[in-house]
Every structure is written in C-alpha cells, then in structure tokens.
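What follows is each chain in one-letter form.
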Amino acid sequence: MTDTVPETTATAAPIAEDAPASLTAVARVKGELVTTLPDDLYIPPDALQVFLDTFEGPLDLLLYLIRAQNLDILDIPVAKITHQYLEYIEVMRALNFDLAAEYLLMAAWLGEIKSRLLLPRPKGPDGVEEVDPRAELIRRLQEYERFKRAAEQIDGLPCEGRDFFVAAAMAPDYRRPVEPPQVELRELLLALQDVLRRADLYESHQISKETLSMRERMSGILDRLRGGGFHPFVSLFVVEEGRLGVVVSFMAILELVKEGLIDLVQTESFADIHVRARIGDAQGNDLDLAELNDNEPEASGSEGAFDDA
Amino acid sequence: MTPDELKAIVEGALFAAGRALSIEQLQALFEEGRAPDAGSLKAILAALADDYAGRGVQLQQVASGWRFQVRSDVGPWVSRLWEERPQRYSRALLETLALIAYRQPITRSEIEDIRGVSVSSQIVKTLLEREWIRVAGHKEVPGRPALFATTRSFLDDFNLQSLADLPALASIRDLDEIAADLDRKQ
Amino acid sequence: MTPDELKAIVEGALFAAGRALSIEQLQALFEEGRAPDAGSLKAILAALADDYAGRGVQLQQVASGWRFQVRSDVGPWVSRLWEERPQRYSRALLETLALIAYRQPITRSEIEDIRGVSVSSQIVKTLLEREWIRVAGHKEVPGRPALFATTRSFLDDFNLQSLADLPALASIRDLDEIAADLDRKQ
Numbered sequence: 001m002t003d004t005v006p007e008t009t010a011t012a013a014p015i016a017e018d019a020p021a022s023l024t025a026v027a028r029v030k031g032e033l034v035t036t037l038p039d040d041l042y043i044p045p046d047a048l049q050v051f052l053d054t055f056e057g058p059l060d061l062l063l064y065l066i067r068a069q070n071l072d073i074l075d076i077p078v079a080k081i082t083h084q085y086l087e088y089i090e091v092m093r094a095l096n097f098d099l100a101a102e103y104l105l106m107a108a109w110l111g112e113i114k115s116r117l118l119l120p121r122p123k124g125p126d127g128v129e130e131v132d133p134r135a136e137l138i139r140r141l142q143e144y145e146r147f148k149r150a151a152e153q154i155d156g157l158p159c160e161g162r163d164f165f166v167a168a169a170m171a172p173d174y175r176r177p178v179e180p181p182q183v184e185l186r187e188l189l190l191a192l193q194d195v196l197r198r199a200d201l202y203e204s205h206q207i208s209k210e211t212l213s214m215r216e217r218m219s220g221i222l223d224r225l226r227g228g229g230f231h232p233f234v235s236l237f238v239v240e241e242g243r244l245g246v247v248v249s250f251m252a253i254l255e256l257v258k259e260g261l262i263d264l265v266q267t268e269s270f271a272d273i274h275v276r277a278r279i280g281d282a283q284g285n286d287l288d289l290a291e292l293n294d295n296e297p298e299a300s301g302s303e304g305a306f307d308d309a
Numbered sequence: 001m002t003p004d005e006l007k008a009i010v011e012g013a014l015f016a017a018g019r020a021l022s023i024e025q026l027q028a029l030f031e032e033g034r035a036p037d038a039g040s041l042k043a044i045l046a047a048l049a050d051d052y053a054g055r056g057v058q059l060q061q062v063a064s065g066w067r068f069q070v071r072s073d074v075g076p077w078v079s080r081l082w083e084e085r086p087q088r089y090s091r092a093l094l095e096t097l098a099l100i101a102y103r104q105p106i107t108r109s110e111i112e113d114i115r116g117v118s119v120s121s122q123i124v125k126t127l128l129e130r131e132w133i134r135v136a137g138h139k140e141v142p143g144r145p146a147l148f149a150t151t152r153s154f155l156d157d158f159n160l161q162s163l164a165d166l167p168a169l170a171s172i173r174d175l176d177e178i179a180a181d182l183d184r185k186q
Numbered sequence: 001m002t003p004d005e006l007k008a009i010v011e012g013a014l015f016a017a018g019r020a021l022s023i024e025q026l027q028a029l030f031e032e033g034r035a036p037d038a039g040s041l042k043a044i045l046a047a048l049a050d051d052y053a054g055r056g057v058q059l060q061q062v063a064s065g066w067r068f069q070v071r072s073d074v075g076p077w078v079s080r081l082w083e084e085r086p087q088r089y090s091r092a093l094l095e096t097l098a099l100i101a102y103r104q105p106i107t108r109s110e111i112e113d114i115r116g117v118s119v120s121s122q123i124v125k126t127l128l129e130r131e132w133i134r135v136a137g138h139k140e141v142p143g144r145p146a147l148f149a150t151t152r153s154f155l156d157d158f159n160l161q162s163l164a165d166l167p168a169l170a171s172i173r174d175l176d177e178i179a180a181d182l183d184r185k186q
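Residue numbers (the numbering used here), protein chains in the order written: chain U, 1 to 309; chain P, 1 to 186; chain H, 1 to 186.
These are computed hints drawn from the structure, not numbers from a lab.
Warning: the hint list may mix true and false statements.
Claimed, not checked - Simulated restraints on C-beta separations:
1) Q27/H with L105/U: 54 to 60 angstroms
2) L264/U with S90/H: 36 to 42 angstroms
3) H83/U with A53/P: 24 to 30 angstroms
4) R144/H with E129/P: 48 to 54 angstroms
5) D53/U with K125/P: 52 to 58 angstroms
6) Q182/U with W82/P: 41 to 47 angstroms
7) Q87/P with R116/U: 42 to 48 angstroms
8) G33/H with E84/P: 22 to 28 angstroms
9) A47/P with P181/U: 34 to 40 angstroms
10) L86/U with K125/P: 33 to 39 angstroms
11) S118/H with R186/U: 23 to 29 angstroms
Unchecked claim - What the simulated footprint calls covered on chain P by chain H, stretch by stretch (three residues with Cβ under 8 angstroms from a Cβ of chain H suffice, anywhere in the stretch; the number is not a length):
12) 7-17
13) 27-36
Every residue gets a Cβ at the ideal spot worked out from N, C-alpha and C, and that includes glycine.
Looking at chain U on its own, in the form it has when it is part of the complex:
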C-alpha cells in the first residue's frame, strides 16, 4: 500500500487539455489510470507521513485526490473533495503530524467554500451575483497543474551532464603573449587630478611648467651621475640650450643638493667644482629592468630616458 501511492501519482493520466471539455459530463475517464486506491481513499496511518512527503503542498494533494478519482478539474464535486481533504487533515492532526501551515490554510479555505456553497449567493452592490466560490479554487488548481506538468516536461528534456555531454578535445599548448592594457594620457591626468585634489595641493603649491622641466632635468642629471665618481660641474650644462636651459639645469642641481641627492665638491677656492651622486646605484633586478629598457631598439643611442632634451 505504502509504495503504491507515489506510483499512482507518477502515472496519473495526462489531461487532454486540447480536447473540448464537454462540461456536461459529470466525470470523464481520460486515459488509463492505474490506481489501487479504494473509493474512500483510506490510507493506513503509518503510511500517512510517507504519503504527505510525496506531495508538493496542498494544491498537489488536492490534484491527486481529483486525479485519483478520474475527475476533471472543471467538474470537481467540491463538497466531496473538500470532505476528503478535511478528513486527511483531521486524521493527521489526530496523529500529531507536524502539518505545514499551508495544509491548514487550504483546509480553512475549503471549509469556507463548502459553507458558502450551501448559502444563497449574495448579490454585490452592482446587483451582480458574486462568482461561484469554487471558481478561484479551480483557477488555482489549473494554474498549479500546468506548471507541475511544465516541470515534468523540463525534467524530460535532455540535460547536459545527465543525458548528454559536451564534447571536448585536448587543446594544443600554445601560449600567446598577453597585450598589456592601454592607457591614454587623459586617464593619467584624471588620476593625477584626483590625487591632487585629495592631497589638497592646489592651494599650497603653484607648480609651473618650468618646474616640471626642472624635475626632468633632475632625473637627467642623476642619470648622468650614475655609476658614481665625480663629474665636472660644467659638464652638466649644455650651452646650446641657451640661457633658459642653463638656468633650468642650475636650478635642478640646486634642488638635488637641497634634497640631499648629490654632493657638490670644490677642493680649493676657484678650483673646478665637481658633482657626485649621493644616491646609491640601483642594483639587482630593478636596475636590470631599467637597462633592458635602454637596450630596446626604440631607445637606441640614448644613455638615459631624458638625455635628448
């Protein structure tokens, strides 16, 4: 008995929804329905829990009761079905089953429909009779059943990983260099604008274009001094650059001195001034990277990044 219940659910005959439902028929047998259930749908109490677990809620249980008796949803004798449903619920409550709230809610609703069917239907304010109290139940049963069937149909579709498999073959090991991201100058400037705004540098500094050239010159001079040793002060100036160029170089040297990055040395008065980098040589991988850069064909013939100014 216990195992026939889910069996019956699974083999419930499909409704011929496209057949014009002849509504005059009281109960139509549609398809072959194998059910061993007696008319009163008696189920032994020890099977009730199993029975209830096979249902997806009160609508599913109601549908089962209807289908088990070969009834059309549209023709259901609501009083009878309600009676059966309430009997189940009563038995289950008597046996202290932990009934989900949905089942009790449905029981209350069915009870309400049943009692309203016994009374004359009241007319609404517009003089039209209220709709049959069964109509909403039928609508919900129909609506649920169509999705229950849709779910069965989806389950019947071939499913990847269960019924069929995607075909794959070993791919050759071929690596392609990844293109680094491209950045536009505008993005860089926007980033700078942000950081400057955050640092609130607008108010406290007024950095001119000349200062920038000076910064560039500072890097250039540091490059020239790379490798250590003393360099003649005058060698850091390029006369061809004119007055402005010389001034920029001079300011760059002063700034480097101020930042403690270079030393100016004069052994005696009026002797030549020599310059030495106080910064240590970059060593290790970092330097390798920098030199790798210098060896690039694009950078051929230049000793540093900014020496062609």
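Fit chains P and H to the given chain U structure using the hints.
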C-alpha cells in the same frame, strides 16, 4: 587560407573550447580584418554538421552558439566515466525552475502563490549556483524582492536555442469562464 | 550491439572525457561481461584514427591511453579562445604613475605621503615590468629607498617628446580644456 584550413580551425576551436561558441567568438579567432564573415562561418558550420552526421558526436546549435556534444543515445555508456551518477532534481526544484522559465521575471512570493507552498532558500541557491537562474532586477514594491529570470546556461544545458523552444504551457481557462461554466451547470 | 554503435560509444566517451582514456577505462563503460575485449577496442580506435585523418582534431595515443586532440597547426587560432582581454589599470596605479611622472625622482614613501594611502608592491612591480618607470637610484636616507623615475618607453607610449610636453600641473585644474586640446591634436 583554404576552405579546408578554415574548417579545421573552426572544428578545432569548438572542440578545444568544450562549450558553445558564437559566430562573434569564432570570428575573434582570426586577426582583425581577416575573419570570415558570418555567412561563410555558417556555411562551414553546416558543412561540419554534415560531416558529423551519424558519428558519436554531433554539432548542435544552442542559445550561446554552436558546440559539439556527445550523441545522447550513447549517454548511458558515457555517463559511466564519472563515479557520481548525475542526480535527478527534486520536484520542488523543477517546479520552481518551470515557473521562473515560463513566468520570468518573477519574484519568490509569486512562485509561492502559484505553488501553494513556500520555496526553500536552498532551491533558489542551487538554481543560482547551477547558473540556470539569475537575479534580473528587483521589483519596486516594499522589500524590493529579487526578480528571477533564466540564463543562457539554462537554455544551453537543455539543448534549447531560445525560450520559445520550451514545451508549450498547457492552456487554462480564466476565472470568468470557469464561473460561467459552473453557473450553467447548476 | 553493432560495430557502429560500439564505435559511437568509444568516440563519445573520448570526447566527453576530454582527456586520454586507457583500454581498461573504455572497457569499464560497459556492463560486466559485456565489454569488448582489448583487441576489438584497439581495432575500433584504429578505425576512429582513420576517420579523423585530416580533420581539425585527431586521435592520438599517449602514455595514459588514447585521446582526441586539436591538430597542432590550428593552435595559433585556437589559442585566441583563452586570450585574456587586456584589463584596465587601477586608479591607484595611474595615480602612482602620474606622481612619478610629475615629481621624479621620487620614493615610494613620498608617493604615499601625497596619495595618503600606501602604494602596493604589485603596482610598482607592474609599472617596472611595463617599463614605464625605472629605479633611478637610492636615496641616502635610512633604508635607502629606491628613487623612481619615468622611462623613455613611458614617453613613447604616451606620445610625448619629453616630460615638458606633459600639461603643467597648475593647469590640470582645467582638465576639460586639456582633454579638448588633446583631441584636437590627435
């Protein structure tokens, strides 16, 4: 490039990908300006489908493009490759999935209204993890509940090209019609 | 089972696995006592190898068995499937680069002072690898921190003749104007 070379590239890419590739993805295999046009690619795909007719794998068009897949009638043998037998999904999960597929976008409480029972969080989580459903947005009602919709993966995994390929939903009569019928019979 | 069905099962299993399968693994696809013997399987594998001669995929025997693999000469095209789309650099990286460009030579802690947050080693590493910055030396203060400067590659990549072509810091306030100016020049 000869047509045969072109076909070998498309064939190799589809097998190497192990998933469906769209026309655009196939075109992206080639250098800029050297990709075959959509028409040529479709002709190649049709030729490939012919080549594989009757073989153990076949070329299948799904929502996200074309892919090679193992013929479903050899599935029972092939599935033995994996220790874990593919599980069947619970009715609760399938009904929830069906409601999302046919009624999308839909909220959880709308699903619960139709099913008449609450939808467990575990089911929603499983469907999201399987990438069969996604949160398509939020309904502008109190609580802003998530609106669920199906994904392209859902279509792919069920061999569908679009939602229109889903089995038709059974038709139902609306409330007024039902009420009228009930009245007539009394 | 016909020989054709047997071949389809082996073919499907090899493609479904996406890796090499041994004779034993292929035999395990069948029910006990119904598996073809090693000789028959080898004959099937040989027939399959023939079928795929000249196609975009080939059946190959390797140490652990047989597998389908994509023909190596289509590798250059197929590998584009996994080509990473160039990502974008983070705002933190761009800010760091901008500060190095305008304030070089500059140490990491000086950059951190201006940005107000620490500069990750990853950012410095990325900029060094991209060859946009270099270590120009080390400052003679405790810890001897590296001094960063921009490179010629940086100028090249940003279409600048020299650092002097960078907009003056003071004018960055009017970025919209600069943007328009840059557009005009391009």
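Against the structure, the hints:
{"no.": "1", "hint": "Q27/H with L105/U: 54 to 60 angstroms", "in the structure": "holds, 57 angstroms"}
{"no.": "2", "hint": "L264/U with S90/H: 36 to 42 angstroms", "in the structure": "holds, 41 angstroms"}
{"no.": "3", "hint": "H83/U with A53/P: 24 to 30 angstroms", "in the structure": "violated, 59 angstroms"}
{"no.": "4", "hint": "R144/H with E129/P: 48 to 54 angstroms", "in the structure": "holds, 52 angstroms"}
{"no.": "5", "hint": "D53/U with K125/P: 52 to 58 angstroms", "in the structure": "violated, 22 angstroms"}
{"no.": "6", "hint": "Q182/U with W82/P: 41 to 47 angstroms", "in the structure": "holds, 44 angstroms"}
{"no.": "7", "hint": "Q87/P with R116/U: 42 to 48 angstroms", "in the structure": "holds, 45 angstroms"}
{"no.": "8", "hint": "G33/H with E84/P: 22 to 28 angstroms", "in the structure": "holds, 24 angstroms"}
{"no.": "9", "hint": "A47/P with P181/U: 34 to 40 angstroms", "in the structure": "holds, 39 angstroms"}
{"no.": "10", "hint": "L86/U with K125/P: 33 to 39 angstroms", "in the structure": "holds, 36 angstroms"}
{"no.": "11", "hint": "S118/H with R186/U: 23 to 29 angstroms", "in the structure": "holds, 26 angstroms"}
{"no.": "12", "hint": "7-17", "in the structure": "holds (count 10)"}
{"no.": "13", "hint": "27-36", "in the structure": "holds (count 3)"}
Checked against the numbered hints above, the structure breaks hints 3 and 5 and satisfies the rest.
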